[in-house]
Amino acid sequence: MKRNSYPSDLTDEQWLLIEPHIPPEKHGGRHRKVDMRQIINGLLYQSRTGCQWRALPKDMPPWGTVAYYFYRFRNDGTWQAFHDALRGKVRVAAGKEATPSAAVIDSQSVKTTEKRGSAVATTRARKSTGASGMSSSTRWG
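Numbering follows my numbering, with no gaps: position 76 of the sequence shown is 76.
Rather than coming from a laboratory, the hints here were simulated on the basis of the structure.
The structure presented is a predicted model; accordingly, all values stated were derived computationally and were not measured.
Incorrect hints may appear among the rest.
[To be verified] Straight-line Cα separation of at most 20 Å, EDC-like style, residue types lysine to aspartate or glutamate; simulated pairs:
#, residue 1, residue 2
1, 2, 59
2, 26, 76
3, 89, 19
4, 2, 12
5, 89, 12
6, 58, 35
7, 2, 35
8, 89, 13
9, 89, 9
10, 33, 19
11, 33, 59
12, 58, 9
13, 96, 84
Work the whole structure out from these sequences, hints included.
Here's what the structure looks like:
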């Protein structure tokens with residue numbers, strides 16, 4: 001069956017960058033019957049559209065195979081290798097150096113243990129006055 005092309009598909013240049021990072025077949029196991037580029041295209045399609053695994057188009061590899069490789073790549077560090085391989089290219093294309101030289105940390109979102117008082121030093125949530133759907137200014141009677 002001829003496969004449609006989708007906007008999320010890998011370009012040839014992207015494929016050449018990540019292909020070396022795809023783990024080889026397992027030793028002693030069956031040979032792969034799937035095209036790994038099509039698996040990656042299926043993963044990118046699912047990521048971009050947010051569809052359920054079972055809703056992958058029929059012209060892509062079976063959804064179970066695509067999901068298997070997603071979880072395998074996530075757990076064995078392959079996704080991180082893809083990310084690392086592409087990050088430098090993206091930064092250079094944006095006019096930046098290939099590797100970042102500094103990082104910005106937002107103090108509002110970073111948790112710290114340098115608080116005074118008890119170990120649970122968080123602010124207690126206040127009860128909402130609008131939770132009941134009535135204003136506190138409503139007068140009865």
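Against the structure, the hints:
A distance of roughly 7 Å separates the Cα atoms of residue 2 and residue 59; the hinted pair therefore holds under the 20 Å criterion. Distance hint between residue 26 and residue 76 is fulfilled; the C-alpha atoms sit about 13 Å from each other, no more than 20 Å. Our distance criterion of 20 Å between C-alpha atoms is met by residue 89 and residue 19, whose separation comes to about 15 Å. In summary, the hint linking residue 2 to residue 12 is supported, as the alpha carbons are separated by about 18 Å, within the 20 Å threshold.
In summary, the hint linking residue 89 to residue 12 is supported, as the alpha carbons are separated by about 14 Å, within the 20 Å threshold. Between residue 58 and residue 35 the CA atoms are separated by roughly 15 Å; this keeps the pair inside 20 Å, and the hint holds. In summary, the hint linking residue 2 to residue 35 is supported, as the alpha carbons are separated by about 14 Å, within the 20 Å threshold. Between residue 89 and residue 13, the direct Cα distance comes to roughly 11 Å. Compliance with the 20 Å bound is thereby established for this hinted pair.
For a cut-off of 20 Å, the pair hint linking residue 89 to residue 9 stands: about 18 Å separates their Cα positions. At most 20 Å may separate the alpha-carbon atoms for a hinted pair to count; residue 33 and residue 19 meet this at roughly 17 Å. With a CA separation close to 15 Å, the supplied pair residue 33 and residue 59 stays within the 20 Å bound. Straight-line distance between C-alpha atoms of residue 58 and residue 9 comes to about 15 Å, which keeps the hinted pair within the 20 Å bound.
A hinted pair counts as satisfied when its Cα atoms are at most 20 Å apart, and residue 96 with residue 84 qualifies at roughly 15 Å.
When the structure is compared with the earlier hints, no violation turns up for any of them.
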